[in-house]
Amino acid sequence: MLTSSSKKSSLTWLVHLSVFLLVLIWTIPTAGLFVSSIRDKDQLSVSGWWTALASSEQKVVYRTPVPDSQIQEADQYVLKGNLFADSNASVSAFGFSSLKPDAFVVGSTATMKKGKTLTVQANGDYVVTSPVPFTKRGQRIFYTADVPPRFTLDNYREVLGSEGLAKSFINSLTVTIPSTVIPILMAAFAAYALAWMRFPGRALLLVTVVGLLVVPLQMSLIPLLKAYNFIGESFGVGSKTYLGIWLAHTAFGLPLAIYLLRNYIAGLPGEIIESARVDGASDFDIFRKIVLPLSFPALASFSIFQFLWVWNDLLVAMVFLGNNEEQLVLTGRLRELLGSRGGNWEILTASAFITILVPLAVFFALQRFLVRGLLAGSVK
Amino acid sequence: MADLTLTNVKKVYANSVEVLRDINLDIKQGEFIVFVGPSGCGKSTLLRMISGLEDISAGTLEIDGQVVNDIPPALRGIAMVFQSYALYPHMSVYDNMAFSLQIAKENKANIDKQVRKAAEMLQLTPYLDRLPKALSGGQRQRVAIGRAIVRRPKVFLFDEPLSNLDAALRVATRMEIAALKEKMPESTMIYVTHDQVEAMTLADRIVLLSNGNIEQVGAPLELYEQPANVFVAKFIGSPAMNILPVTINKVGSQTNLAIDATTSVNLPLQLDKKEEGKKAQLGIRPEDFTMTALHKNDVLISGEIAFVEALGESTLFHVKTELHDELVIAKFPGVWDIQRGDALALAAPAEKLHLFAADGNNYSQ
Ligand SMILES: Nc1ncnc2c1ncn2[C@@H]1O[C@H](COP(=O)(O)OP(=O)(O)O)[C@@H](O)[C@H]1O
Ligand SMILES: [Mg+2]
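Chains A and B, in that order, are what the protein sequence lines are. Each residue of the first sequence is one higher than the last, beginning at 1 in our numbering. Each residue of the second sequence is one higher than the last, beginning at 1001 in our numbering.
If you are wondering where the hints come from, they were derived from the structure by calculation, not from laboratory data. Every residue, glycine too, gets a C-beta built ideally from N, C-alpha and C. Do not rely on the hints blindly, as some may be mistaken.
In the SDA-like style, the derived pairs of lysine to any residue whose C-alpha atoms are separated by at most 25 Å in a straight line are [to be verified]:
1. A:Lys289 to B:Ala1261
2. B:Lys1108 to A:Phe284
3. A:Lys289 to B:Thr1173
4. B:Lys1352 to B:Gly1303
5. B:Lys1273 to B:Thr1290
6. B:Lys1133 to A:Gly280
7. B:Lys1105 to A:Phe189
8. B:Lys1320 to B:Glu1304
9. A:Lys289 to B:Lys1273
10. A:Lys59 to A:Arg341
11. B:Lys1352 to B:Ser1163
12. A:Lys289 to B:Glu1304
13. B:Lys1133 to A:Lys59
14. A:Lys59 to A:Ala103
15. B:Lys1105 to A:Lys59
16. B:Lys1133 to A:Ala103
17. A:Lys289 to B:Pro1132
18. B:Lys1133 to A:Val147
19. A:Lys59 to A:Val147
Partner residues aside, some chain A positions facing chain B, computed with beta carbon under 7 Å [unchecked claim]:
20. Ile272
21. Glu274
22. Arg277
23. Val278
24. Gly280
25. Ala281
26. Asp283
27. Asp285
28. Pro293
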């Protein structure tokens, strides 16, 4: 008795622990991605996202503006100003040569060549003096500053605007939503027929569907494209259209959709369907009024799978839509950014986060159906 | 109006298993017919063939004189109540009952009237808005019955409607079904069960099936008193009838049977001369035994008591005899002070004895 209960509780602990670990493994990178995407791009390039809340030490070069603003005080020409435009960072050390960028502590006065002096205060105020008037170029000031954390939506503004992510976002939705709805609808009809209608050749059809499950997508991609182009040509439809990719995703998604939904629908209690038949319902009535509402968990869970797969797909999109600016989907856009802006982490993180936003929303909205639907489908 | 006739009906499933063989049956309008038999004997199959959910492999089924073999279930004028209730789980009680009428596109007011009438009859009015999952087993069963009633069918079909209920509820619902039949005397009802008590209490006529054959059709007491064969004799009545091997000694105005070397008994039965000397089977119901003493000459069977079941209202004695291996069961009302190991002598009135031929058929028919 004692051993069995302690065994059970240790097992529960194990389960809880693994769930916790899984959550951790999933959450940490997502959180990191999000935090990175809203950090200031200069801070992002020098420190990791986990230091986002601490102020960061930056070594910066500043050149004073063109010396129009110099004023004459006694026999000295003076340049005054502040190193920081708007932030409230603080300077810890400064210097005037790139060899010794932090030679002087703040508040002290550095003596430079030709009798010039430089003073920098902690708040960034600087004073440069010179016995002769300043000529064209401004004075370089090297300083080490502690910059407080700065969070900004600038990265998002930039990727959505100038990087064209907003357009791609719409494109991705245009591809994904019909590519999810069409196969689900078709598969539900097919699944009902394969499960509950008697007609010759039913078993053969089912076997065909199962056979299609194992056809690799890569193998059928090009023949499919050729066939589509050929047929499209005879109807005067262009080769790279949304219609094409909807049909392609529908075709690739249907076998699995039919198979899963048929198994679920075949598992519905037969007496309910017979009862409806005795009540005078036609097959279409039974499908619409009994089977569809009862299959909702299975439909929802398959929608999630199909949605995520289409949303994350790059290959089919490249083949059927190409990568012209107008129709580029998010995954394609991300790939382009990786090439052209590979060093700009703020661009990549913000783009990546926008890309996972929709899957996250779909997942959280439908997750209770996902869990329930999967269990229901597999157990029954 | 709703007579039902089955002629030479057969059922063969795709795997060529013959589940029903040559069923002939006439059911009159307003009858309460119960199909009873052991599990797997084909009761449900027969009922489903009548409903149209299962094809009829051979023979004809007529409802009101019209052959309906190829008519779909909904057009046969039948309604069916399933063992699992088969309620639509996502619809309220009201919608469950209204479903068939909505499919038939009847007008709303009429549907409402029918549903409320049925709900009233089955005391379901307070539950009309609930989903099936919020009902008890008995209430669910009543919804299933209500769903059948609103269709105003000519024939009601019930497939083991009580077997999912607990014992107390089963008795209560059984009485409700009997009351329902009284309220609708013109409806024909066909009821499938494996429980002989349900069959005995509900039926106008019982159809006893075994192994795809009809063993006997008749009123409940007819089956009890004049079983057509050993199978019926053993199936109806609890505990089951005792069957003893006997030899026919002499025929004539009475039939003399040898039970063992020293015991014989005379039955008021005239048999053909050619039966003389043949083996036969003597049936005695446990409740037909009387107690006697060993030295008396009306002793039919005697032996040692193997065990005693005291049920309070009656006592069952299982007696080990020298006649054959099976224990003979005797049932006496009340409580008895007789223990295991005691000797017991049993007699029985001659007119309560049943004589079956070696092949199982009753000699008196
Ligand atoms: N679809 C089927 N295919 C093959 N055999 C079946 C089928 N349905 C029932 N049977 C067989 O028919 C026999 C009678 O079944 P059924 O009518 O359900 O019996 P019960 O009298 O218990 O209701 C059983 O032996 C069963 O195995
Ligand atoms: Mg059955």
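These are the hints, each one checked on the structure:
Restraint check: the Cα-Cα separation between A:Lys289 and B:Ala1261 comes to about 73 Å, which exceeds 25 Å; the hinted pair is violated. A hinted pair counts as satisfied when its Cα atoms are at most 25 Å apart, and B:Lys1108 with A:Phe284 qualifies at roughly 22 Å. Simply put, A:Lys289 and B:Thr1173 have alpha-carbon atoms about 30 Å apart, too far for the 25 Å limit, and the pair is violated. At roughly 21 Å between alpha-carbon atoms, B:Lys1352 and B:Gly1303 fall within 25 Å of each other, so this suggested pair holds.
Proximity of B:Lys1273 to B:Thr1290 is assessed by CA-CA distance (about 31 Å); at most 25 Å being required, the pair is judged violated. Under the criterion of a C-alpha separation no larger than 25 Å, the hint pairing B:Lys1133 with A:Gly280 is consistent with the structure, at around 24 Å. As the CA atoms of B:Lys1105 and A:Phe189 are separated by approximately 24 Å, the hinted pair is consistent with the 25 Å bound. For a cut-off of 25 Å, the pair hint linking B:Lys1320 to B:Glu1304 stands: about 5 Å separates their Cα positions.
Taking the CA atoms of A:Lys289 and B:Lys1273, the gap is about 69 Å. The hint is violated against a cut of 25 Å. At roughly 24 Å between alpha-carbon atoms, A:Lys59 and A:Arg341 fall within 25 Å of each other, so this suggested pair holds. Our distance criterion of 25 Å between C-alpha atoms is broken by B:Lys1352 and B:Ser1163, whose separation comes to about 33 Å. The hinted pair formed by A:Lys289 and B:Glu1304 fails the criterion: a straight-line CA distance of about 66 Å is larger than 25 Å.
Among the hinted pairs, B:Lys1133 with A:Lys59 is inconsistent with the structure: their alpha-carbon atoms are about 69 Å apart, more than 25 Å. Proposed proximity of A:Lys59 and A:Ala103 is supported: the alpha carbons are some 13 Å apart, at most 25 Å. With a C-alpha separation of about 81 Å, the suggested pair B:Lys1105 and A:Lys59 falls outside the 25 Å cut-off, and the hint is violated. The hinted pair formed by B:Lys1133 and A:Ala103 fails the criterion: a straight-line CA distance of about 80 Å is larger than 25 Å.
The straight-line distance between the Cα atoms of A:Lys289 and B:Pro1132 is roughly 16 Å, inside the 25 Å bound, and the hint therefore holds. About 63 Å separates the Cα atoms of B:Lys1133 and A:Val147, which puts this hinted pair outside 25 Å; it is violated. Straight-line distance between C-alpha atoms of A:Lys59 and A:Val147 comes to about 10 Å, which keeps the hinted pair within the 25 Å bound. About 5 Å separates the beta-carbon of A:Ile272 from the nearest beta-carbon of chain B, less than 7 Å, and the hint is met.
For A:Glu274, the shortest C-beta to C-beta distance to chain B is roughly 5 Å, which falls under 7 Å, so the interface hint holds. About 6 Å separates the beta-carbon of A:Arg277 from the nearest beta-carbon of chain B, less than 7 Å, and the hint is met. A cut of 7 Å between beta carbons decides the hint on A:Val278: the least distance to chain B is about 5 Å, and the hint holds. Because the beta carbon of A:Gly280 sits about 3 Å from the nearest beta carbon in chain B, less than 7 Å, this interface hint is met.
With a least beta-carbon distance of about 5 Å to chain B, the hint placing A:Ala281 at the interface is held under the 7 Å criterion. The restraint placing A:Asp283 at the interface with chain B is violated, with a minimum CB-CB distance near 11 Å, outside the 7 Å limit. The interface hint given for A:Asp285 holds, since its Cβ lies 6 Å from the closest Cβ of chain B, which is under the 7 Å cut-off. Because the beta carbon of A:Pro293 sits about 5 Å from the nearest beta carbon in chain B, less than 7 Å, this interface hint is met.
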